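Taken in sequence, the protein lines are chains C and E.
All the letters of the first sequence, read from the start, carry residue numbers 1 to 562 under the numbering used here.
All the letters of the second sequence, read from the start, carry residue numbers 563 to 903 under the numbering used here.
Derived from the structure by calculation, the hints contain no laboratory data.
Computed from a predicted structure; not experimentally measured.
The beta carbon of each residue, even a glycine, is placed where N, CA and C say it ideally should be.
Computed far set for chain C versus chain E, every beta-carbon distance over 12 Å:
#1 Ala376
#2 Gly402
#3 Ile437
#4 Lys489
#5 Glu498
#6 Glu509
Label-pair distances were calculated between CB atoms; the ranges are:
#7 E:His696 to C:Glu331: 56 to 62 Å
#8 C:Tyr241 to E:Leu825: 47 to 53 Å
#9 C:Lys165 to E:Asp637: 31 to 37 Å
#10 E:Asp637 to C:Gly329: 35 to 41 Å
#11 C:Val107 to E:Asp637: 48 to 54 Å
#12 C:Asp173 to E:Ser581: 52 to 58 Å
#13 E:Asp637 to C:Pro172: 29 to 35 Å
#14 C:His214 to E:Ala760: 35 to 41 Å
#15 E:Arg594 to C:His214: 28 to 34 Å
#16 C:Asn171 to E:Pro744: 44 to 50 Å
#17 C:Thr95 to E:Gly726: 38 to 44 Å
#18 E:Gly726 to C:Tyr241: 29 to 35 Å
#19 C:His214 to E:Ser581: 38 to 44 Å
Derived contacts from chain E toward chain C, CB cut-off under 10 Å, selection only:
#20 Leu596
#21 Asp599
#22 Pro600
#23 Ala613
#24 Leu621
#25 Leu647
#26 Thr659
#27 Leu715
#28 Tyr719
#29 Tyr722
#30 Gly733
#31 Ser856
#32 Glu860
#33 Leu862
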Amino acid sequence: MRRRRLIQTSMGFAAGLTLAGGLKACSSDDSASTSSSAPAETAEGGAESSDATLTVVQGGGFPNSLDLHRVGTNRPAYGVSWVMYDRLMTFGKKTLDDGSISYDYTVLEPELAESWEMAEDGMSVTFALRPDATFHDGTPVTASDVKWSFDRAVSIGGFPSFQMKAGALENPDQFEVVDDQTFKVNFLRPDKLTMMDMAVPIPVIINAKLVEPHLTEEDPWGAEWLNSNDAGSGAYTIKEYQPNERIVLERFEDWKSGPLPQIKEVILLNVPEPGNRRALLERGDIDVNFTVSEKDQTELDATGNFTVISTPIENCLYSVDMHANPQLGGEDNPFGDVKVRQAVSYAIPYDAIMDTALYGQAVPMYGGKAQPDTVAWPQPSPYTTDMEQAKALLAESGYPDGFETTLAFDTGTQEWAEPTVILIQEALAELGITVNIEKVPSANFRSVLVEKSRPMIINNFGGWLNYPDYFFFYAYHGQDATFNGSSYKNPEMDTKIEAALASEPGNPEYEENVKGFIEMAWQEVPRAPLVQPQLGVAMQPNVSGYQYWFHRQLDFRQLAKA
Amino acid sequence: MAHSTGKIIGQRILGAIPSVIGVIIVTFLLTRALPGDPAAFFAGPAATAEAIAEVRATLGLDKTLPEQFFLYLGDLVRGDLGTSLTTGQTVVYDLATRLPASLELTLAGLVFAIALALPLGILAATKPNSWVDHGVRLLATAGVSLPTFFTGLFLIYLLYYRMGIVPAPLGRLDILYSAPPPVTGLYVIDSLLAGDLALFWAAASQLFLPAVTLGLFALAPLARVTRASMLGMLSSDFIRTARASGLPPRQVLFGYAFRNAMLPVITTLGVVFSFLLGANILVEKVFAWPGIGSYAVEALVASDYAPIQGFILTMALLYVVLNLLIDLLYVVIDPRAGVEA
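I would like the entire structure built from these sequences, with the hints used as guidance.
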């Protein structure tokens, strides 16, 4: 087994870093799951490369492009891009308390770059590329390929440019070819996110010479060609690409940017029906079933025939957001009254939701302390189901006799959201609040979030990396970002969030601000947290090496099959 | 006869032009009237207002409706149906790969339904109100009243999961095989043309279960219409005369009654076929069948305009062709029909 050479310069990222652009709803379709059983040993526990073929199905869609810079590329496509392309750097790994393996955002490890060095003034970084690294067509990877790829990411617009900007990577002038093996990034300003941002899925290194003949005036970045062609240097090449049916990946034997994967061939199949995905696993026709529903995970785990691993999704919450402005759509909004929001938070049947809607396969986010004593996020809110308290609070509010309202949810999450809203509807009826349920198709739910036009919604917001200040910046800050589902605006809250963003974890001021805004979130309760969801995978017992990644896709390079 | 056939085809095609134009306008307007903002959807969850505006411009949705419409017409004339954002492919590619899959499934389902419905319908008609008749009625009612996704999942559970006698519901081919060289786009036929019997068997066994599921659903109207039409014929004067003349029962039944009873059955067949093309969405989902029904639904969920427009247009053209074929079939079965058309 070869180990990646650890580089001295692997910066200590103690900073409060998260990628502004990497904010995602933490569950689409049947993603987000469950249960924990003993995780298998890691692939690095001595896996030699073999001729094994791994057959994989997954929920939440099928990769819809080979180019993750395209408008509309879905999240499953990140998984393919992740192994087909290399980035300059990647993250280390760590073992979580429950024994499962996760990436480690505090450690940057070399991938296509062999080493890197920070300038003394901290205003640039110079990467030394691996001299022996080649693209899949055999041509060497040069610094001009890297520059073209970085230029593309910052110039193509949409999500990739937005993500790069989150790390203060905005302008092609920042990227400099020193010589064939040396690539330099000049910083616009010191930003704790810059280095990390070069290890997320977006800045892939593309074979510029291969794409060049396909560039046109309307398509200066070769988006059309890269959409269905492989121009990578990653551990796997595309052997077969049948859009929406199957993707076959084959190991790139000359891969130099890490230990050669154990699996020779990965077959990704599109099976839209969750029941069939499960049946295929149980019949032994597939090796891995990824993003399994809560129900299936509980039941698959109970059979004892499969390796079922689940990891709480970092920085992610399922919550009930209540529109906090006094007016909504020109009418008085009951949820503008904090007593009403508190009453609702005491009326939600948390345990029933946990048991019936999520099959117990999530981390409860209720029944915690009123005074936060940790900066961990997410952490349980102090609310529990207490009807007497709820009735008392509603009686004190401006709406003692209740009112009629609407609770909207995304049908893409209906597996858990539908039973959840029905339970909430029943419970609020006891308070005299009549709840009409509105099912919103996934395509329209984004508009609902942007418009902030509903009094109550079920939200499933999560950020890529793990810091409370960034979660709050998108979910509670007065900038009113998409995921501030309650449109909550409070200058005092904003001050605390901004102060935390500007300071670093470990710093007393940071801790004080974080605890401060969490406490305020509990008092004001514009969103009532329900649970932290879990991402689950069910595998045949001979498959090992699964690791949780913040992008929530499988890393085929790490998996092994006996 | 040749003259009148040519005339019918010409008339039909001319008559279809206004409907096709209407379909183009209506689908364009309907897709724009859909709730939901594709720009907001495809800009990604963390998008700012500027990012959404940028995506809107990229998609050409910042132009006025008439402008968008004329651009769309221009593309149509050039045979460009646009690009699907959900699949990442051109709509022409998607439809060209998916339509044969849907047609193969629908045709197979229909063949299965006809093979079962005609004999059962005739049997029921010859012995009305007997146990056979009731049995057929029960089967037909069950077939049509059970939702196809239920029948599909049930059959998968029984025949794949429990008994393991059919292959995994993984679309058109098992993962070990790759598609035959495309001629008709129907794997079952293409594999035979390529002379690859193993591939034929693989394709046919994948097709079996979804086709049965769909066929069971189509069984009811066909069996009922066959029965009713046969009953009407069998009690008519010319059959009585034929029987009285001592013609053998087989010849009376098939030579006279059945041929004349076919017209309403053919009409129903046309309706059922076009209906099935749209209705097999659920079957396609359950069996991971890469057809156009599931394609259109996925596009609809994402407010992805180009594939929806392409799908509706294709279906409209298909209906036109189908109706034409049925009219021509009438002429073959009943020469009188041609004169009137």
